[in-house]
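**Student:** In order, the protein sequence lines correspond to chains F and R.
In terms of the numbering used here, the first sequence opens at residue 1 and continues consecutively.
In terms of the numbering used here, the second sequence opens at residue 1 and continues consecutively.
Calculated directly from the structure, the hints in this document are not laboratory data.
Computed from a prediction, not measured in an experiment: that's the story for all the values here.
For each residue, glycine too, the CB sits at the ideal point set by N, CA and C.
Wrong hints could be hidden among the right ones.
With the C-beta cut set under 8 Å, the calculated list includes, among others, these residues of chain R facing chain F [stated by the list, open to error]:
| # | residue |
| --- | --- |
| 1 | Ile17 |
| 2 | Val56 |
| 3 | Ile100 |
| 4 | Phe101 |
| 5 | Ile104 |
| 6 | Ile146 |
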Amino acid sequence: MKNNTKKIIIGLVCLVVLVAAFAVCWKVFGPKATKGDKHITVEVVNSEGATTDYELDTDAEFLRIAMDELHDQGFSYDGTDSEYGIMISAINGETADYATDGAYWALYVNGEYGQYGCDSQPVTDGDTYTWTYEKAQ
Amino acid sequence: MSNSTSGRITILDIAQIGLMVAVIEVSKAALAFLPNIELTSFWIIMFTLFFGWKIVAVVPVFILIEGSIYGMNLWWIMYLYAWPLLVLIAWFLRKNDSAIFWAIVSGIFGLCFGALCSIPYVVIGWSSGGFANGIRAGFVWWIAGIPWDFIHCAGNFVLMLVLYRPVNGAMKKLKASNV
Numbered sequence: 001m002k003n004n005t006k007k008i009i010i011g012l013v014c015l016v017v018l019v020a021a022f023a024v025c026w027k028v029f030g031p032k033a034t035k036g037d038k039h040i041t042v043e044v045v046n047s048e049g050a051t052t053d054y055e056l057d058t059d060a061e062f063l064r065i066a067m068d069e070l071h072d073q074g075f076s077y078d079g080t081d082s083e084y085g086i087m088i089s090a091i092n093g094e095t096a097d098y099a100t101d102g103a104y105w106a107l108y109v110n111g112e113y114g115q116y117g118c119d120s121q122p123v124t125d126g127d128t129y130t131w132t133y134e135k136a137q
Numbered sequence: 001m002s003n004s005t006s007g008r009i010t011i012l013d014i015a016q017i018g019l020m021v022a023v024i025e026v027s028k029a030a031l032a033f034l035p036n037i038e039l040t041s042f043w044i045i046m047f048t049l050f051f052g053w054k055i056v057a058v059v060p061v062f063i064l065i066e067g068s069i070y071g072m073n074l075w076w077i078m079y080l081y082a083w084p085l086l087v088l089i090a091w092f093l094r095k096n097d098s099a100i101f102w103a104i105v106s107g108i109f110g111l112c113f114g115a116l117c118s119i120p121y122v123v124i125g126w127s128s129g130g131f132a133n134g135i136r137a138g139f140v141w142w143i144a145g146i147p148w149d150f151i152h153c154a155g156n157f158v159l160m161l162v163l164y165r166p167v168n169g170a171m172k173k174l175k176a177s178n179v
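The following block holds chain F by itself, in its conformation from the complex:
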């Protein structure tokens, strides 16, 4: 019984320490939105490889808000909202249907594969956000 209690206490301490360590990592290295004016570029590479560029001056903190502001320039998107954020299904009227042919809209930030959805992707001054039509290998 005593041994069992000891194991539980050690386990609880491990769990608490891990949660604290993860929280610190998230706080230090997680995405950080910046307030104020920013100049960004949003690129769209469609299924034929054609690129369309949009320049935007914005104070949006997250990409989705900046994308909404691009509406006046002819940029459009569609998708399904979920607990994970919006799942983009169409950009500028072109739908990527994963169920049909493994196609999807991938988000790149300054040429590197994005780690966040557009709801939680922070907008940083000077960054380029590229939506690319891709197919699963």
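Knowing the structure of chain F, use the given hints to seat chain R on it.
**Tutor:** Relative to chain F, chain R alone:
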């Protein structure tokens, strides 16, 4: 529990393995609308504790079914080692019979699931741009998912804490009846 006293796999064993896979799949599908809340960890731990070697067949079948339903993409590679690792952990700790103890184990597994799943990104990053690039790729991927790891941890902890005793009792009765 097992009729395989001769070392052969019996029809009863196969039926039990099939039922275990079905229970995991149905539970997974039923909770699919809740992000990162799952009963897979719970069932894999319980089946390892009560059905012993049969879990060695259950986990590969479960992984294959998942791959056939959703496609064998990168996440599927993660399944190949994450769930067998949970089986190993449960097997090594099998002598413990405390709901809170298993809730902690399941919670820690859920918390570390994102870190475990970042390993393929380390390998991909390493192969394309060196070791440092691999570590960076895996680290960034892990950091991005930490809020979901917290949900996974809390879900696993609570589900195990609530379900361990009743399911443990039911499985003990099942074992006593030698079905």
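**Student:** Tell me if Val56/R is really an interface residue toward chain F, meaning its C-beta lies closer than 8 Å to one of theirs.
**Tutor:** Violated, because the Cβ-Cβ distance from Val56/R to chain F comes to roughly 26 Å (cut-off 8 Å).
**Student:** Under the criterion of a CB-CB separation shorter than 8 Å, is Ile100/R in contact with chain F as hinted?
**Tutor:** 6 Å, holds
**Student:** A closest beta-carbon separation below 8 Å is what the hint needs, so does Ile146/R meet it against chain F?
**Tutor:** Hint on Ile146/R: holds, closest Cβ of chain F at ~4 Å, below 8 Å.
**Student:** Are Phe101/R and chain F close enough, Cβ to Cβ, to be under 8 Å, as the hint says?
**Tutor:** 5 Å, holds
**Student:** Under the criterion of a CB-CB separation shorter than 8 Å, is Ile17/R in contact with chain F as hinted?
**Tutor:** Violated, because the Cβ-Cβ distance from Ile17/R to chain F comes to roughly 30 Å (cut-off 8 Å).
**Student:** Per the CB criterion, is Ile104/R less than 8 Å away from chain F?
**Tutor:** With a closest approach of 4 Å, the Ile104/R hint holds.
When the structure is compared with the earlier hints, violations turn up for hints 1, 2 and for no others.
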